[in-house]
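J.: One letter stands for each residue in the lines below.
Protein chains: 2
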Amino acid sequence: MNMTRISENRTILPEPTIRRLPWYLSYVRMLDNQHVEYVSSTQISKELNVQSSQIAKDLSFLNIRGKTRIGYEVRSLVTELEDFLGFNSHHDAVVIGTGSLGTALMQDHGLENYGLNIVAGFDVRSDVIGQCVGGVPVYAIDELAAWQRQHGVSIAILTVPVENAQEAADLAIASGMTALWNFTPYRIKAPEDVVIANTSIYAHLAIIYNRMHKTSVETKNG
Amino acid sequence: MNMTRISENRTILPEPTIRRLPWYLSYVRMLDNQHVEYVSSTQISKELNVQSSQIAKDLSFLNIRGKTRIGYEVRSLVTELEDFLGFNSHHDAVVIGTGSLGTALMQDHGLENYGLNIVAGFDVRSDVIGQCVGGVPVYAIDELAAWQRQHGVSIAILTVPVENAQEAADLAIASGMTALWNFTPYRIKAPEDVVIANTSIYAHLAIIYNRMHKTSVETKNG
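Chains as they are written, first to last, in our numbering: chain A, 977 to 1198; chain B, 977 to 1198.
Misleading hints may appear alongside valid ones.
To be verified - Cross-link-like lysine to aspartate or glutamate pairs, in silico, EDC-like; alpha carbons within 16 Å at most:
hint, chain 1, residue 1, chain 2, residue 2
1, A, Lys-1165, A, Glu-1143
2, A, Lys-1165, B, Glu-1023
3, B, Lys-1165, A, Glu-1023
Hint data in this document are derived by calculation from the structure and do not stem from the laboratory.
Generate the whole structure from the sequences, applying the supplied hints.
T.: Dropping the structure here:
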């Protein structure tokens, strides 16, 4: 993996900033497709409902300057955002747990557009071991450590059942993986130098349910 | 849909609290499976790496009290959390965009354990319209408004390509849907009374990439 470009560019950003940057990227990519040449932070603000001062601040982390009264050059902004977010680089990953979600990720070639290349899956089920999913081979979980010694992949995507989450994480870490993308609702414990990103889709469901009933509760309380 | 129970229990929670509650739930579910009867906030704190004062505060939103020196009754905590989060209730939803992610969600019966029941998919591709995915029928997107008039579903799951995100959202809202679970990286604009939950998996990838290179940057800066 060639990480040079990333390491040179990289500073540790506040998480809210990292969460907003992909919004800007998807918007300016769209403008770029429409052959728009310049965009102002005011325009981005209006489109994405983020304060323009916040946008200017977020974009100040990048090697790009807006021009007075013209704004940012769209094409440069796309490239800078992609580079900065690491989407233009190549990151290998394995999927641990090839159930429906794991399989979907292995088949989702959209992830490649964001720099993620899934190179292997691992599972305990004998009916999937030895098979290929979306062109990606599935191995027995017992082979993970040995496989990893050969391939040295950094990112493990955890899509195991929740009760196996910690065990799978421990195995990935013991095998030398340094970043875990945790799709289970389990709060994984790991050494501090291991990167963990939690994509807890069930928490988002709870947010939807909670917010949906806002009106009835407000009425009740009001 | 019977929402009575939810409406009665529901208060609008801070998002960080709603994000932590499913962690507690998955942990106490595990204890319940191991026939553990009581758990203290100190014990949850140690296991999940959340401060015990924070846990006590989060759980104070629920109709449950811990007992001094014994803690919370595990079985009651499981039920209260499930009820409170809406996971014990039944929420119908449709998937708009039956690509690899949409299909995975339609096949993921795990979601049913969290109260979500996907009853239909919608797409523009003639090869999937009229098919069933995971037992769920797929219709033409043009039929959404008419279908919705008959079925009155509140939740739309958006798994369309990013460039169609706003259009799909507009259509869902115009059809009377009130909650959008947005899996695209696009920042959707909607009226204030529409609930939007963004599960932007690409933002999480950016966070992983950014944090992974922490060491090299720190070395450079140090």
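J.: Does each hint fit the structure? Answer for all of them.
T.: Going down the list of hints, with the structure as the test:
no., hint, in the structure
1, A:Lys-1165 x A:Glu-1143, "holds (10 Å)"
2, A:Lys-1165 x B:Glu-1023, "holds (8 Å)"
3, B:Lys-1165 x A:Glu-1023, "holds (8 Å)"
Comparing the model with each numbered hint stated earlier shows that all of them hold.
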